[in-house]
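Spelled out, the chains give:
Number of protein chains: 2
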Amino acid sequence: MIPSQMLKGILQGSILAIISQKETYGYEISQALARYGFGTISEGTIYPLLLRLEKGGLIVARFLDTGSGPKRKYYTLTPAGQEELTQFQISYREMTAAVDSLPGFGKEESHEERDQTAPEGEQ
Amino acid sequence: MIPSQMLKGILQGSILAIISQKETYGYEISQALARYGFGTISEGTIYPLLLRLEKGGLIVARFLDTGSGPKRKYYTLTPAGQEELTQFQISYREMTAAVDSLPGFGKEESHEERDQTAPEGEQ
DNA sequence: TTGAGTATATTGTAATGCAAGGTAGTGATG
DNA sequence: CATCACTACCTTGCATTACAATATACTCAA
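Protein chains in written order, with our numbering: chain P, 1 to 123; chain L, 1 to 123.
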């Protein structure tokens, strides 16, 4: 399970990426996230996030009848949303590059300036 | 610049990884983070985090004189900290696997069940 | 009529990055 | 000697956000 704190800032961009693929709605997004390996993301997380994105002008919505069941609120990216998605991808790569360069993450590169001023026992 | 929300849950594990390499202190950690590509992480972020980790029993500290300048508080991982670091690495890989499988991240695998129930214009 | 599944929304809580502020020691510059 | 820069630590308060809990409402099957 991915801890909630690790999801902060990741979920928003991930949902933008999902919406960018095809017009979709909250319930379907939650299923897509589970399918992509994010685990079960609470609806109490997804709907407020979608409202935030809508208020922020990153996505726009329209209600569509389904013939059966409640109406669905379909979302589409705005140009600002597209831009935000691109920025997210850049930031994400920057973040993973930093973490992956950390010792013990199997992707060490450079950074061999291990200084020898190791502290001696003292009190 | 990595957005602050994206750092949540990442910073703690990253700092544990840095401490696991060698006994070190707050100021040096902030420089190491910058060197690894995290950008300038505020001291208002690092010191509270170190105190949290110490109170949580993940790290232990001892003060050492430096001969010149203020005393340094050197930190070491506890067994619980080691375990937490291992768990962080697992969660991190799980998270990046999910994000990387998202459309538009250059690492698409499987997930070709794109259903054809595309909504037709309606109102 | 009871339940499960689909679908959206709101309220309140907890976690955490960080700006802003403070303390203190050392050494160089004027 | 006064000032500044750098090292090094710490605290307070704010903003953001994932999520549990809760609510509404429609459809369909048992």
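FYI, nobody ran anything at the bench for these hints, they're computed from the structure.
Certain hints may be false.
To spell it out: a stretch of chain L is covered by chain P in this simulated footprint if at least three of its residues, at any positions, have a beta carbon under 8 Å from a beta carbon of chain P; those stretches are [stated by the list, open to error]:
#1 15-21
#2 35-43
#3 78-92
Beta carbons are placed, not taken as given, at the ideal position from N, Cα and C, and that holds for glycine.
Verification of the supplied hints:
1. 15-21: The restraint on the segment 15-21 of chain L holds, since 4 of its residues have a Cβ under 8 Å from chain P and three suffice.
2. 35-43: holds (count 4)
3. 78-92: Since three or more residues must qualify, the claim that chain P covers the segment 78-92 of chain L holds, with 4 doing so at under 8 Å.
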